[in-house]
Amino acid sequence: MECYSEQIISIFVDGELEAEEAQRLRDHLATCRRCRQLLDALRAENRALSESLQELPEEAASPAGFSRLRSLPWSDVAVVAAVLALGSIVTGWIDKLSIPDALQWLNPFSLNGRTNLIFNVSYYLAHGGTAMLDDYAAVVGKILLLLLLGGSAMLLGRRWRLHQAGLRLLIVLLALSLPGFALQRRHSDFVTVAANETVDDTLLASGNTVRVEGVVNGDLLAFGGTVEVRGTVKGDLVSFAKRIVVSGTVEGNIFNLSNSLDLDGQLAHNLYGLMQSLRVNDRGRVGGGVVVGAGDVGLEGEVNRSVTVYAGNADVSGSIGRELTMAGDSLTLTNTARIGGNLSARVRELKNVRIADGATIAGTRDIQLRVRKNHLTHPGFYFFQAVWLASAMLVGWLVLVLFPGFFQASTHAVGSGWRSFGLGVAVLAGVPVAIVVAAITLVGLPLSLMLLALYLVAIGLAKIWVGAFLGRMLLKPAGATKSDWLLGLLLGLLILTIVGFIPYLGGLVRFGVVCLGLGAFAWQLYQVSRPAITT
Amino acid sequence: MDAKRNDAKGPEPREGKAAQMEGPDLESVIERAQGHDAEALGEIYRLYARRIFGLCRYMLDSRESAEDATSEVFLKLQRSIKTYDGSIPFLRWLLKVAGNQCIDVLRHRKRGQQVIVEAEEGVAAIEAASSDPSPLSAVLSKEERAQVRDAIARLPENYRVPLVLRYYSELSYDEIAQQLGLQRNYVAALIFRAKQELRRKLGHRSQ
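The listed protein sequences correspond, in order, to chains U and L. Residue 115 is where the first sequence starts when you use our numbering, and the numbers rise one by one after that. Residue -14 is where the second sequence starts when you use our numbering, and the numbers rise one by one after that.
Just so you know, the hints here were simulated from the structure itself, not pulled from any lab data. A portion of the hints provided could be inaccurate.
What the hints assert, rightly or not - In silico DSBU-like cross-links for lysine-lysine, where the CA-CA straight-line distance does not exceed 30 Å: (1) L:Lys95 with U:Lys596; (2) U:Lys590 with L:Lys95; (3) U:Lys596 with L:Lys127; (4) L:Lys186 with U:Lys590; (5) L:Lys95 with L:Lys81; (6) U:Lys596 with L:Lys186; (7) L:Lys81 with L:Lys186; (8) L:Lys95 with L:Lys61; (9) L:Lys127 with L:Lys81; (10) L:Lys61 with L:Lys81.
Stated by the list, open to error - From the derived model, a few chain U residues whose C-beta atoms are all more than 10 Å from chain L: (11) Gly129; (12) Ala144; (13) Ala158; (14) Arg399; (15) Thr422; (16) Val539; (17) Pro546; (18) Lys590; (19) Pro617.
We put the beta carbon where it would ideally sit given N, CA and C, even for glycine.
In isolation and in its complexed conformation, chain U is listed as follows (with noise of 0.2 Å):
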């Protein structure tokens, strides 16, 4: 009689044959010796495999592998707790602050504009409407802030484990403490450090306007529609204000974020800043150098060391110790101006660069015009861009490794389309707003500043999603080995950063693949943030 096959006897093994057949399989293992080997060969792999598998796997057999079910709700809570504590801080400041008047030009929330277009037509909500309107508006603000809070808080809390008692506990009592570091908070509508007055801690001031007279021992952080040093700061001068016009002494050095900055005092060390405006006057000085990016820069008095400008119109009467670099439209450098050092400008066209012959310059004159070169001519770029492929793969590969779960489900998601898509122009557009929203309550500057490298992060992988994505649907690979992921990831890659060359197509092409990627990436960080949903 013929024999049997090793499918029919592997399913006889596993108890799961027919009756009558399993009858005549029986039958004829009595008389089949190599029937009856391979019997027990399949029969002891059988019991090889039940024993292995019931040996649970290494993380299983620790206690700790599934602690975080016990003791889920706990770590839970205590989020929950940090959260709250950090959200009615955060919401305690903001109503401390309360938005000044001043500062809803960067308000995010505001709606001033919006409501009183939409209340001078509907005239029977006429005044108190708007009011009303600047309350909701506040109120949904706040929602809004503390959503974030507790969703990032959650978020990360999921990811990263905080089962461990004492890191709960640190978190609870960060949040706790917050508001008790060595800082004296002054708000109003006016506030003053008076002429007479010291102030010995670092000072964060807020108002329309903060004017200082006397001493600051420590920084001074300031906010508000005018800012106005016109005594002594010994630390640093952060601010952050509409109008800041420095006409008394910095001691440390000046971070500044403005419309536009008057400088007629002295600043002991380094000027670094993003205005509209920047103007040192003919009595300013500054003791270090500058950075900055500007719309319009009048050096009229002393700068000590270099000066680096990224500027549309840059004038120069002053002196400057070192350096003179500079890029931007238009640069003058009249009779009176003076450079220790090199001057090096980047313009569009030389016409702009306006020399007067009194000025004085030690160092060369690099003036160059900002040509846009076609960078596919240069072998440069074709160097950067192998490297910046074989960094994805890099990065590809790791994630890989690491959480080859959520890479997979991240890559899949690509291919949702839409939702991916829309909701990655929603984070692409909404983080940022966060981002300034965190920043402008200062307690949350940690956080904006986390959520913001979080952001560029996230932006930089998403290329690698869709890559990802890209090449499994053009290879199929079947099995979808590691090895098969990485190749499709290559072939991904290597499309999407051709394609991106295109002109006009490719910038469409490279703002659709970062949407979607992000729009992914944020869509699987909310998956993994909940329990799995069943159906």
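Got chain U sorted already, so can you dock chain L onto it with the hints?
Frame of chain U; chain L shown alone:
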């Protein structure tokens, strides 16, 4: 379909080592749990969490998902335990519930599609070549068992899931077919192919 199969070493559901409780004791715990007794539910968790986590870990690709799935199983147990009627051993029932949970997770990831899609050619499509290395030997060292587990983890989903349901949960072909929405014959072929694939993966070891 269930009627008559050969009895050669059929599935013999066993309460794992974790379960030191048997018979009347376990029955009373289950009864209390069915009456929303938190302590009894805790007891069931203590007895079976490891076993269930093991299944989820084999079925899903990351420890994280496995932990999530395990907690989901026990969270849902508060309600679902009422549907346990004692017709099959409790552990077997619980493993089926957990298997369903994992399959749901996998299906959810595939946006609602079936976890394993039957090929149009059916069983024939996965009929295996017979020139594979011989079956695994029965006596394996601890290290070899770890290698087997590792190889199982690296099996593609369509082989891994039925294999684990069969040899970890010890479900019958019919039960597996029902859970995965496949034909019984197809499940049999998948399991057979899975074992061959496993041998191939471990091939270099035995030679």
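Legend entry - Hint check against the structure, violated hint numbers in rising order: Hints 11 and 13 contradicted; others consistent.
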